[in-house]
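Chemist: Single-letter residue listing:
6 protein chains.
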Amino acid sequence: MIDQPELASLSKGDSINHFLLVKKSDLRLTKQNKEYLSLELGDKSLSVQSNLWDDVKNFYNIKSNIKTGSVVKVKGQLDEYQGAPQIKITEIRLAKDEDNVTPLDFIPTSNRDLEEMKTEFRNRIKKISNPQLSKLLKNIFSDERFEKYTKAPAGKLWHHSYISGLIEHTLEIIKICDLMCDIHPELNRDLIIAGAMLHDFGKIEELSFDSAFEYTDKGKLLGHIVIASMIVDEEIKKIKDFPEELKINLLHLILSHQGKLEHASPVVPKTLEAITLYHADELSAKVNAYKLTLQSEIKQNSKWTKFINLAGTDLYSHDLENFSEFDNKTLFD
Amino acid sequence: MIDQPELASLSKGDSINHFLLVKKSDLRLTKQNKEYLSLELGDKSLSVQSNLWDDVKNFYNIKSNIKTGSVVKVKGQLDEYQGAPQIKITEIRLAKDEDNVTPLDFIPTSNRDLEEMKTEFRNRIKKISNPQLSKLLKNIFSDERFEKYTKAPAGKLWHHSYISGLIEHTLEIIKICDLMCDIHPELNRDLIIAGAMLHDFGKIEELSFDSAFEYTDKGKLLGHIVIASMIVDEEIKKIKDFPEELKINLLHLILSHQGKLEHASPVVPKTLEAITLYHADELSAKVNAYKLTLQSEIKQNSKWTKFINLAGTDLYSHDLENFSEFDNKTLFD
Amino acid sequence: MIDQPELASLSKGDSINHFLLVKKSDLRLTKQNKEYLSLELGDKSLSVQSNLWDDVKNFYNIKSNIKTGSVVKVKGQLDEYQGAPQIKITEIRLAKDEDNVTPLDFIPTSNRDLEEMKTEFRNRIKKISNPQLSKLLKNIFSDERFEKYTKAPAGKLWHHSYISGLIEHTLEIIKICDLMCDIHPELNRDLIIAGAMLHDFGKIEELSFDSAFEYTDKGKLLGHIVIASMIVDEEIKKIKDFPEELKINLLHLILSHQGKLEHASPVVPKTLEAITLYHADELSAKVNAYKLTLQSEIKQNSKWTKFINLAGTDLYSHDLENFSEFDNKTLFD
Amino acid sequence: MIDQPELASLSKGDSINHFLLVKKSDLRLTKQNKEYLSLELGDKSLSVQSNLWDDVKNFYNIKSNIKTGSVVKVKGQLDEYQGAPQIKITEIRLAKDEDNVTPLDFIPTSNRDLEEMKTEFRNRIKKISNPQLSKLLKNIFSDERFEKYTKAPAGKLWHHSYISGLIEHTLEIIKICDLMCDIHPELNRDLIIAGAMLHDFGKIEELSFDSAFEYTDKGKLLGHIVIASMIVDEEIKKIKDFPEELKINLLHLILSHQGKLEHASPVVPKTLEAITLYHADELSAKVNAYKLTLQSEIKQNSKWTKFINLAGTDLYSHDLENFSEFDNKTLFD
Amino acid sequence: MIDQPELASLSKGDSINHFLLVKKSDLRLTKQNKEYLSLELGDKSLSVQSNLWDDVKNFYNIKSNIKTGSVVKVKGQLDEYQGAPQIKITEIRLAKDEDNVTPLDFIPTSNRDLEEMKTEFRNRIKKISNPQLSKLLKNIFSDERFEKYTKAPAGKLWHHSYISGLIEHTLEIIKICDLMCDIHPELNRDLIIAGAMLHDFGKIEELSFDSAFEYTDKGKLLGHIVIASMIVDEEIKKIKDFPEELKINLLHLILSHQGKLEHASPVVPKTLEAITLYHADELSAKVNAYKLTLQSEIKQNSKWTKFINLAGTDLYSHDLENFSEFDNKTLFD
Amino acid sequence: MIDQPELASLSKGDSINHFLLVKKSDLRLTKQNKEYLSLELGDKSLSVQSNLWDDVKNFYNIKSNIKTGSVVKVKGQLDEYQGAPQIKITEIRLAKDEDNVTPLDFIPTSNRDLEEMKTEFRNRIKKISNPQLSKLLKNIFSDERFEKYTKAPAGKLWHHSYISGLIEHTLEIIKICDLMCDIHPELNRDLIIAGAMLHDFGKIEELSFDSAFEYTDKGKLLGHIVIASMIVDEEIKKIKDFPEELKINLLHLILSHQGKLEHASPVVPKTLEAITLYHADELSAKVNAYKLTLQSEIKQNSKWTKFINLAGTDLYSHDLENFSEFDNKTLFD
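Chains as they are written, first to last, in the UniProt record's numbering: chain A, 1 to 333; chain B, 1 to 333; chain C, 1 to 333; chain D, 1 to 333; chain E, 1 to 333; chain F, 1 to 333.
Any given hint might turn out to be false.
[Said to hold, decoys possible] When the alpha-carbon atoms are kept at most 35 Å apart in a straight line, the in silico DSBU-like pairs for lysine-lysine are as follows: (1) LYS175(B) <-> LYS127(A); (2) LYS75(C) <-> LYS303(B); (3) LYS75(C) <-> LYS291(B).
By construction, these hints were calculated from the structure, which means they are not laboratory data. Here the structure is a predicted model, which means the values were calculated and not measured.
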């Protein structure tokens, strides 16, 4: 862990002496035909625009080594341009091994332990009884792809928008769906859990998350729902005797999980499993989103956030003491 | 239990020899100034219009004894008028003690055991640690009112629309909310559980459910959300030192639980507990509604229901085998 | 061609002596446990419900030969049940070869010559210069699949809703898109024409159209947009060196061609080709839909149709003489 | 009245020598742990942010005396920070008695004479014939509460958003409703006038208006409609024999007066009085809002305001002479 | 006045011996090539379909004399076909002078005295001070056109939908606007009153109202707003020196009076007069519409109407006594 | 053509030595009562605010000669105020004849040759067979009005928003409509082409386009749809025996061409010609708008524009090679 004040806590004029992640890097020409680097630098709290001019020491050495995803040590001052913060760089160098910093130090990460989450996820796959679904899930969540999956955020900004947010979000939905299966034996548990595991799986190609979280071209032009459907369709074709009825029900869960056409699902939920998955997803996503918003937007001396567009309201943080001593174990006696 | 074919299974011309519940009864005059009774008769499956003319035997004895909520024994034939079924009555009498039927035999009832649900509900109140909330809940859910509450349906038609549906629905929400509290320690467990218990509580005055489920005048003009708020406000005033902050947070949960202004909540959810309760309610309600719809609307030789207005689609019932042997106990290890 | 009055022109009580297509056939039991066939019979103008009771001559010979898609000769009378027409059957037999009728005599068909349309379509493929697109289109529209494609309607009810309507509709869009390419050289002609050819291609699996036009289970649960995307994705994988940029642009055309999320496109048009295809599709579809509606809904002595839900209005048929002698050839001098 | 240029008329760099109202005051720490006051200062025309640093003379004397609602005399200069105006304070002191200024000099106030409005309101109550409604209105609008009520604005920004705007607005609605009762004798005049008087009454708790107009926590979490309903319900309970039918009709007027669910009414108008009150409220509110907007937003040399979000358009101020000599007295001959 | 039971009060099988208005008349051929008349007959309460067959006595004498707008004397019986009422005619004749009935006896008419309304309208024109507006109004509301105007209904179904409803509605709006001018001297009284008088004036061509109220072809294709604008534009051109600013403000009132684009106004209200006229129109229209609906839809033994689509709710008729003795004269002291 | 860098390519601090168009000019007073000119100056790329203070050389000579539509030569520097660019003027003079610049050098203009477009338009009129339509079009598009028409832009910002954009847009629609007439002989070609020519014709009064494109007062208060309808109505009245049916169908095309009420059409399309014109207009407008947006908003090193409000998305510019060698002439063989 790096020990330096967060960018978001600094004001105009404050001096910078920070390790920062290069979130974007572009070599450009000024009108006078001199080279400069247009950079986006940031830590977990903020991303800031900065231009690296050719009069900065060692510009010509460093210009082709600074890439998206590099970590740099920057000295300078926080400035402001057209209402947005900027860093005036006076010195810059690439991070060295002995600095002991990695890109992951600069992007937000799930608070849950990743290994624990991986184990929980793999264990849940093992409980799938249906042999075709079991095989499909093992094939899809294997090796490299599982590594990528367990690193992905669930979104760019709104909910579970941090490294390993996608698996954290998925595990919450699985718990909610298992609870609903306890209440409603009519639900096909294997089917709905497989749907839960795969519903947002396309986000590993919709988003890039090595440094800043960005939508990919493919992500914007196809969307994670269709990306996932095409991968699942392809993987199902590889499994002998995968039942057609099971296939279209599983694909339906992925396609309909955003619940409404205007939320970019090409079909609305039409099965009992689909309506359950949609609302389990909503519950997990919205509670996480409101929690993150309250944590980041409640300001000193206030109980209210600013107006939050995605919520359509400002949010309130009460200060009621939470002293319930509820005994969790008795819930499902 | 009465042993007779359900009305919904009969066709035009079939003969009737049934105990039926009087769902509405109105003494009217024909244009020739003769008295007749305009009746709505039904069982759990259907309600049917019927006129009792004065030439039916013992019309004059029975006309003032047949009231909404009476059970009658009817002989006659199923007829049709302007596209709707009607019963042509040839004989009618009030049910007697020895018939061993009660109005509850004719209206749908929760499949869960009522005493078990009552115990579960009372036990959950006992786990509330906050003394004012605990007192409030005990006062509100006491004696007569608890009896009425545990009988109420959660709605007229869409979800948990049967006797004791309201407590069944509430217990589901409580389980979902307790699960969310396990995931998010930031949630105030006592507050959200109290909100869950009270959120639809106004339905005991919004609906009448002695025989058919109908909205009351008060229910239509004020709505269950405001009815509940006024009762809770009144009960809070009776409790010494009930904290103002706790009061407005609890009322906010009731007022905002339908999530959107256009769903008749006068405020949208603005706290972490409120957004959780809204989506827990949605999850419980929608899954139950779709299940009931699938059970009643899937016809012989079809996997599809008709178009369901409230769902905005027709629903599909797959025939996948559900053979998961998931071990529930391991969920929260 | 068969020579018999259209069902839609008959009234209650009129006698029936018709060849009709079996659009649905279901063997059921009465409450008295006798077998009967629940049939939907129709010609191009109307579909009518009918029950074939076991007292009709040769019921036991014929009951297992009457299937969806059979043609039958029926004698009886037009009746009415619950406000809908019904046929009371007195005699029935399967059509024989010498009757010289086929199922296609009973479902509406495009007015354009099919062979001409096939030629036009194949010729347009030949003009595709891009080798990968050319190969992809030839693979997809080959043999059996092309046969099926050229038979499909473009929809169940609204526009080009007749046999070979899909290819007729597609050829219109191609013409409109070619015109737009003439006006805007910035448009990539090969890309947009390939998109036009594939945009509604998934309808061959979304709909069944051997007898009545019906949505398939797969069609309702996945939708033609995703069905087409999965097939195209699969076919692209078979072509060596198909460029990724070309692939996502082509898939984007299919996915976005309904223009708006609420019209079931999972992404909105984001490229110049996509916005062109969307509006070319709208133009072709709406003009055809309004024309069909005016043709079928204008009644004797009226210039107005009834209120048409999909148009949100009633439509007007003026009686202005159309005597323009416009010389088409001069359009693009 | 104070004689000083309005803040809104000043430009960056202009000097300040003004009495101003403290609309918000917050004691904070700089990053260097020095105290400073974050202030919002304003007059009727504008509110401006300002920081009072500890190097301003007598900072330590004054810091704990400056509170929300104080009036201060400020010297300094109008500056700008991140696009918003700021005051650079060089001297500050609290207003003294001999300055002869009060907070009300700095917040906008109704142009109508308050005593006249109070008399008009009390006289109208006297004309209520129904004894229970008469008693209810006298109890609710008594003493302290009436004082508060007659000071309240009807809104924060849009219409009648000035001191005593609520009573001015209410008196307008009463006139409109009385006119509608003249036209439609079917309207229950007592009921509708009582509803008009109470409809926005909850705003006295929804808003704080001692200095700047702000929503209270309670106001945001419960809303003025429910606040009013709970008070009216409580006051009705104190009146012997208040008819239930009258009570739910009166509450319905309050609950439904915003006309649509999406405007935060939990029920829509369902009675003749309710639909009348809703549209009378709209008429009074919108005309006032457009008038205020035209007065404040029409700039030099223009007949158009900027785009007004709440109106969904820009507004136009014609310069037609208004020379009608209409004789008001003849209106209702 | 004719003395006969209203059609709406009769039931299937009741005998008919009524004068009725011919609302539509169409000579058609049966499939057997016999002539018959397809008639729509009605009184103020109901319109009923009826076919006049050629076996009715004097069919051949009467067939070409029965036209839309004729009054006929009919004997027969009330029957039912496909769920809708029909009259089986056994005898029919045209009304004679000595029958003393006119078409106006069969269509609903305003309860207000027409001559009184005409005088009120003409008197209000006289109070217009602006000479061009005064001249314009006198020209437009002169002679024949005034006669037609004062007969027109304000709508087909919803509000003031009876003979002379348009002038009744307009006079209400004038009163409301005059009241708003008293409250807001900023309103240009002449302009807004002229706008009120002309706002729905195009309905005299949008609707036909000699017998049943129907939209004309022109009315459906152009709409009353544009029809009125074109007439007013034409009449303004005839007046010398009509100020351009006055013209576009007056036309703006007509064009924007439905308040929202989706209500078919091509521009939204952008002036103070326009927003006032819009809400005055709403107030007059909605209160009248709800009153008519409550009068016609409240059934025996119920306080609720059926669900009313245009209101989006069912309506409630309380039975509170209306004993206010409000003294109208004191309103504007 | 003038040879100077475009304003949009300059940065803060760059020096200005430009001919610029005066888009707005306003003589105002400072608080110190000195005169200054508030100017909006621009070229094809950008409009910039600038104040001309009285200390600039020859202020008093020039102040009354600088008017909206003048061309001036300006020296100074590009500055920034409140986040927007400004020009600090040090010298200014009016353009002289020998400078050889005209206002049209500073506003964007169609890329098509104007004379060619005029010829194409006039030739298409000549092909109208219907004598009344032919006469109407010749009268409306005659002399001065045709000159004005052929100069007008089709909009202020979104599509064809440049000098002669209106005729370019109209010619595109004509081609599309002629193609649709080839496909659908049911379309009345003369009627739809006349409608296409007149549909946006009101824009010549809705917009002013001598210098910057601005809405006129009349344009904002009446809208181009109604302006056009009133002119066409007036011109039709001048033509003897213009058929009423033709008139209302032609006006309907103008009124309904924006397709939806919420797009400011007072009626929706109800005829086959109207639905065709609406979608042809959409196709032409949207493709042009997206092309212009992609041309102006794609930045260096990016394939994406910023988020475009009117499109509801960001737009993508692929870099696929466009090497189709499609032979246009074969299209309609």
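Chemist: Compare the structure with each hint and give your call.
Modeler: Tested hints:
1. LYS175(B) <-> LYS127(A): 23 Å, holds
2. LYS75(C) <-> LYS303(B): 33 Å, holds
3. LYS75(C) <-> LYS291(B): Since the Cα atoms of LYS75(C) and LYS291(B) sit roughly 44 Å apart, the hinted pair is violated (cutoff 35 Å).
In summary, the structure is inconsistent with hint 3 from the numbered list given earlier, while agreeing with all the others.
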